[in-house]
Each structure stands twice: as C-alpha cells, then as structure tokens.
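**Student:** Sequence:
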Amino acid sequence: MKLSHATIVSPGTTKINRTGGWRTFMPQFNYEKCTKCGICRTYCPEGIVSLVSEKYVADLDYCKGCGICANECPKNCIVMVLEAK
Numbered sequence: 340m341k342l343s344h345a346t347i348v349s350p351g352t353t354k355i356n357r358t359g360g361w362r363t364f365m366p367q368f369n370y371e372k373c374t375k376c377g378i379c380r381t382y383c384p385e386g387i388v389s390l391v392s393e394k395y396v397a398d399l400d401y402c403k404g405c406g407i408c409a410n411e412c413p414k415n416c417i418v419m420v421l422e423a424k
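Going by my numbering, the letters in the sequence shown line up with residues 340 to 424, in that order.
Please keep in mind that the hints were generated in silico from the structure rather than gathered at the bench.
As the structure is a computational prediction, the values presented were derived from the model and not from experiment.
Glycine included, every Cβ here is placed at the ideal spot set by N, Cα and C.
Heads up, some of the hints might be wrong.
[What the hints assert, rightly or not] What follows is a list of derived Cβ distance ranges for each label pair: (1) Pro-413 with Pro-384: 29 to 39 angstroms; (2) Pro-384 with Val-418: 10 to 20 angstroms; (3) Glu-393 with Trp-361: 15 to 25 angstroms; (4) Pro-413 with Gly-360: 23 to 33 angstroms; (5) Pro-413 with Ser-389: 17 to 27 angstroms; (6) Ser-389 with Asn-410: 11 to 21 angstroms; (7) Ala-423 with Asn-369: 13 to 23 angstroms.
Kindly generate the complete structure, drawing on both the sequences and the hints.
**Tutor:** Written out as structure tokens, the structure is:
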C-alpha cells in the first residue's frame, strides 16, 4: 500500500511501511528493570515490539519513535533517546 497523501491508517500498517530516515527518537530498553509485563507490546500502535530471547525489543526498521511504549511502561524501563544519524 503506497500512500500519496496524509491519511489515517489502521494499527500495524508499519509492517508494510518502513520508517526511513525521519525518526528523531528511538526506544532504549533497560532489561535489568524490565519485568516482562508486555505493556510496551500491548500499547505500541504499530505492533513492532516483540519478545526475543526473553527480552522485549522494538523493530527499529519500522518504529516511528512515538514514545508510547516508554510512556506506558509501569517500571520506566524504556527511555526515548535521540537517534544518531
């Protein structure tokens, strides 16, 4: 699906639309504080947070850097950091 103008799309459409170079912030996980509750995965509007080798990770090829995962984390295990270009 290629979009030519602004539109509202359903959650999870990131799986067919890579982020590209425009993201400003990216999530950074503190695995020592993480309780693996899954709130970050539940609230991610694009569905790109997944459990890999017992750790939650964001697929940065598709992450938009919105910060919802960090905002909703009850243990503050996720911080949004400025992406190095």
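**Student:** Against each hint, give a clear statement of whether it holds in the structure.
**Tutor:** Each hint tested on the structure:
no., hint, in the structure
1, Pro-413 with Pro-384: 29 to 39 angstroms, "violated (18 angstroms)"
2, Pro-384 with Val-418: 10 to 20 angstroms, "holds (19 angstroms)"
3, Glu-393 with Trp-361: 15 to 25 angstroms, "violated (32 angstroms)"
4, Pro-413 with Gly-360: 23 to 33 angstroms, "holds (32 angstroms)"
5, Pro-413 with Ser-389: 17 to 27 angstroms, "holds (19 angstroms)"
6, Ser-389 with Asn-410: 11 to 21 angstroms, "holds (19 angstroms)"
7, Ala-423 with Asn-369: 13 to 23 angstroms, "holds (19 angstroms)"
Violated hints, in rising order: 1, 3; the structure is consistent with all others.
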